[in-house]
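Please construct the entire structure, taking both the sequences and the accompanying hints into account.
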Amino acid sequence: MKGFLAVVLALTPTFLAMPRRAPIHYAFSYNEEVGCSGVPYLIRYLQKVEVNGKPFTADGCLVGEPTDMEVYIGNKGFFVWDVEVHGKPIHSSQAMMGTSCNAIDYAAQLVMKIKELAIAIRDHGHRDECFDCPFACVTTALMNGGNAVNTVPEHCSFTFSIRTLTAEEAPTLERDVQQYIDTTILPEMRREFAGATVLLKRGINFPPFIGDEKAPFTQQAMHLCKSHKPRHTGGGTEAGFFQDILHIPTVIAGPGDSRYIHLADERVSVAFMDQCMQMVKDLATLLTSAGKQGNL
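Going letter by letter, the sequence shown gives residues -17 to -1, 1 to 279 in mature numbering (1 follows the signal peptide of the UniProt record, and there is no 0).
These are calculated hints, taken from the structure and not from any lab test.
There may be inaccurate statements among the hints.
[Stated by the list, open to error] Restraint-style ranges between C-beta atoms, simulated for each label pair: (1) 127 <-> 27: 31 to 37 angstroms; (2) 155 <-> 134: 36 to 42 angstroms; (3) -9 <-> 110: 36 to 42 angstroms; (4) 261 <-> 110: 36 to 42 angstroms; (5) 12 <-> 65: 22 to 28 angstroms; (6) 202 <-> -5: 25 to 31 angstroms; (7) -16 <-> 91: 25 to 31 angstroms; (8) 134 <-> 109: 40 to 46 angstroms; (9) 165 <-> 12: 34 to 40 angstroms; (10) 254 <-> 162: 52 to 58 angstroms.
Positions of the beta carbon are idealized from the N, C-alpha and C atoms, including for glycine.
Structure representation (structure tokens):
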């Protein structure tokens, strides 16, 4: 993304010198790598902005993630939940006597229920064969609990997530997990300890992005990038905010070799930078130059 930012900033004098009939907008966000937590503030602002008495819009949005300069029109959404389980401690020599409540035991039971729900989503949920993993995938990734081998653990926490294909999958999973907590986990825990609690808290999240291969903006970007077929990625970007919330036709295309993303030697070749410079300039010319009506 830094390579793409460098490209658009370097092209600013070119854009200013163009005989344009429409504006070119730069949208810079923060914390994209840790859950796209910055861009919602920008989206909410743009939802309130009016241009000549009409809601803000654009004819296209180019998200410059590193894609080998191929055009992507889809990525999965991402939702994360933190779960905190609170039981009652006691020396392990007195475990299972009805005088304690093992937080790790009940957290593990909940984790296995989440796996059961994940399998049901995999086997019976929505599928999109454009993705390498064609279903919404659920993962329990972090877990921590207890404080000593000779103590029934009072606390356990874990984190699970889902990579979504549709807007409904995350709320449905959250509802099903909460229902299991309320109807099964908590009643069992409170038979042992009336003060037991389980807190399910939604963390970072961003929507899926499903673009339109036949949209004029997509076709223009594919032509300029010499892409024969648009691609999809299981990773996340901010594209869904622009496409689904602001209803702006969006594509993902930018300089950078996808093999080096998030590695110690992550880098961008000069060839990719040059290709991106030309593509962005040509795309801006198609949309906004004299004789054209639109904005980017």
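Quiz prompt | Hints the structure fails to honour | solution = 7
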